[in-house]
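**Q** Single-letter residue listing:
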Amino acid sequence: MKILPIGLATAALVAVHPAQAQQPTAGNLEKLSEFKTTGTPIDIPQIPQTGAKAEAIKKNLSRIKLPRGFKIGLYAVVPDARHMAVGPQGVVTFVGTRKNKVWAVTDRDKDRVADEVKEFAPSISFAIPNGVCFSKDGFLFLAEQNRVLVFPAAEFFYESPDVAAFVVVKQGELIPPEEESYNHTARVCRIGPDDKLYVTLGQPFNVFAPEKMDTYKRAGIGGIVRMSREGKEREVFAWGVRNSVGMDFNPKDRALWFTDNQVDGMGDDQPPGELNRADKPGMNFGFPYYGGGKTRTVEYKNDTPPADVTFPQVEMAAHAADLGMNFYTGRMFPQKYRGGIFNAQHGSWNRTTPVGARVMFTSLKEDGTADKTEVFAEGWLTENGEYLGRPVDIAQLPDGSILVSDDFAGAIYRIWYDGR
Amino acid sequence: MMRRNSVPDAMRTGHTVALAIVLLALGCTSAGAAGDVAAGRRKALQCQTCHGLDGLSKLPEAPHLAGQPEPYLVKSLNDYRSGVRKHDMMTLVVQPLTDQDVADLAAYYAAIEVSVKPP
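First to last, the protein sequences are chains A and X. Letter by letter, the first sequence follows residues 70 to 489 in the working numbering. Letter by letter, the second sequence follows residues 48 to 166 in the working numbering.
Don't take every hint at face value.
[Claimed, not checked] Below 30 Å or equal to it, Euclidean Cα-Cα: the simulated BS3-like pairs (lysine-lysine) are:
| # | chain 1 | residue 1 | chain 2 | residue 2 |
| --- | --- | --- | --- | --- |
| 1 | A | K286 | X | K133 |
| 2 | A | K168 | X | K164 |
| 3 | A | K179 | A | K370 |
| 4 | X | K164 | A | K127 |
| 5 | A | K179 | A | K134 |
| 6 | X | K90 | A | K168 |
| 7 | A | K434 | A | K205 |
| 8 | A | K127 | A | K100 |
| 9 | X | K164 | A | K370 |
| 10 | X | K133 | A | K187 |
| 11 | A | K168 | A | K128 |
| 12 | A | K168 | X | K133 |
| 13 | A | K281 | X | K133 |
Just so you know, the hints here were simulated from the structure itself, not pulled from any lab data.
Could you build all of it, start to finish, from the sequences and the hints given here?
**A** Right under this line is the structure:
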C-alpha cells in the first residue's frame, strides 16, 4: 500500500489513490497470452467519483470559456489521465498514464458521466503506458515506453483483472533499449485506414547530437513508425519530428495529421508549435535542422537542411505544447466543426508568462489543408499564471460530444453542445 | 504563513537549534541573501508544471520539493547553474535565475509543511 498524505491541501488528492493489493508479477503477461488466470484478486479498487476533489474540479470548470451553446462538465476523476481510447461499443473509455497504470472508465447508465473508474489489467506491470488506441473491430492497442500490447475484446474482458493480452512489439524492441529515456517517451498510437498500427516515437533530447542521427533515422526515433497489427513489416512512416504526442487520420482523405512539440531555450516567443500533415510515407518534417516552423536550431545552424522538408500546416503558439488531437466526425456540434481538428494544448512549462492549457480548433479547406485555427476552450490558466488544469488529449463519444483529459487535475471533462 | 514567523517556535526544540547551528557553521545557507517566501511563491510559477505550486510532483520525472531542506534546494539550483549537474529541463530553466531568485525559491519550497504516513 502506497499512501503519502502530504499536507492538508492534498488530502483530497491522496484519497483517490487506491490501495494497491499486490504488485503485478512478471510472467503474468505470458499466462494471459495463453488465456490462463494469474491469481490476481478479483476485486479491483475503484477511484471515488464524488467528494472534495470532484467538487474542486467542478468549481474550476465554472471558469472555462467556450463558444456560445457549448457546455463543459466533469466526466470522471482519473488520476494522471493522459491519452484516451473510446471503445467502439461505447461501453468503456481506456485512459493511459505516464506512470504505471491504465484506467477503464465506464458510463453504465449512459447519463454521460462516468460511474466507474478502475485499473485496467492490474495483473500486468506497465512502464509509461501512455498511448491507447482502438481498431474498428475492437482490439485495444497499448503503446508503452518500449513495448506494444494488444487486448482483443478489451471492452468485454476489462471487468476482470485477467484480460486476454498479447505482445505486438516485445519489451525492448520498439526502440533500442540503450536509447530509452524518461524524456519524451510518452507514445501515442492509431490504427490507420490501411489497418496498420502507427506509433509516435519522440526523441529524448531538446536537440539531439549529430552522432545520434543515423541510429534515430533507422529506428524512427524522432518520427512516426508503422507496422502490421502483428508488429511485422515495420517501417519509418515520417521522420524529422521532435516529439509528437498526438495524431489522427483525416477520415475524408486518409492523411495523417500530428502535433509536434518544439525546441526549448530559444526565448519565450520562438519557435512556434506545430500541426503537421503527412499525406504519404517517407516525408521529412525538418527536425533537428528546424526547431519548429522555419526557425533554425542553434545546434544545426551551419548545416544544410534536407531539400525536401515539409513545413507545418499550422504554426501554433510557441511553447504551448500541443498534444492530443482528434478529427471531429460527430453530428452534435454545429456544421463549422464537422471534419475539423480539436487539439489539446498542455501549456508551457517554463515560459516567463505561461501560455496554453486550452483546447484549439482547426478547420480544413476543401483540398484537405488547414484553414483557420482558433481557441475553443480556455480558462485553466489563471490571470496570475497558475494552472488549474492541463489538457492532454481529445476523444469523441458516440453521441458526438468530446472528452478532454487532464493529467494535472487528474480528470476527464466532457464538452457538449445544446445550442443555449 | 511566512516561514520566518514560524522559526522562533521551532527553535524551542534543542534539535532544531543544533541543526541550525550546524548548517550555519557549514555555510550551507545561501550566501548573503535571505529567501523571501512570498517572492518565492511568485517565482515558482515557472516550476509549477513539473514540481507543483504545492511542491508535489506533477510529472513522473520530477521530484517533490515540498518541505525539502532549504540548503539542499539552494545547492541543487546552484549546481545546475554552474553546470555541475546537468538535466535537459533544469539546465535550461535555471539560466535566468539570480542568487536572490534561488534563495526565494528555496525558501518557498522549504516552507511548505508536509506530513507523511509510511506504508
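**Q** If a hint holds in the structure, say so; if it does not, say that too.
**A** Taking the hints in turn, this is what the structure says about them:
{"no.": "1", "hint": "A:K286 <-> X:K133", "verdict": "holds (26 Å)"}
{"no.": "2", "hint": "A:K168 <-> X:K164", "verdict": "holds (21 Å)"}
{"no.": "3", "hint": "A:K179 <-> A:K370", "verdict": "violated (55 Å)"}
{"no.": "4", "hint": "X:K164 <-> A:K127", "verdict": "holds (29 Å)"}
{"no.": "5", "hint": "A:K179 <-> A:K134", "verdict": "holds (26 Å)"}
{"no.": "6", "hint": "X:K90 <-> A:K168", "verdict": "holds (28 Å)"}
{"no.": "7", "hint": "A:K434 <-> A:K205", "verdict": "holds (27 Å)"}
{"no.": "8", "hint": "A:K127 <-> A:K100", "verdict": "violated (42 Å)"}
{"no.": "9", "hint": "X:K164 <-> A:K370", "verdict": "violated (52 Å)"}
{"no.": "10", "hint": "X:K133 <-> A:K187", "verdict": "violated (38 Å)"}
{"no.": "11", "hint": "A:K168 <-> A:K128", "verdict": "holds (27 Å)"}
{"no.": "12", "hint": "A:K168 <-> X:K133", "verdict": "holds (23 Å)"}
{"no.": "13", "hint": "A:K281 <-> X:K133", "verdict": "holds (19 Å)"}
When each numbered hint is compared with the structure, violations occur for hints 3, 8, 9, 10.
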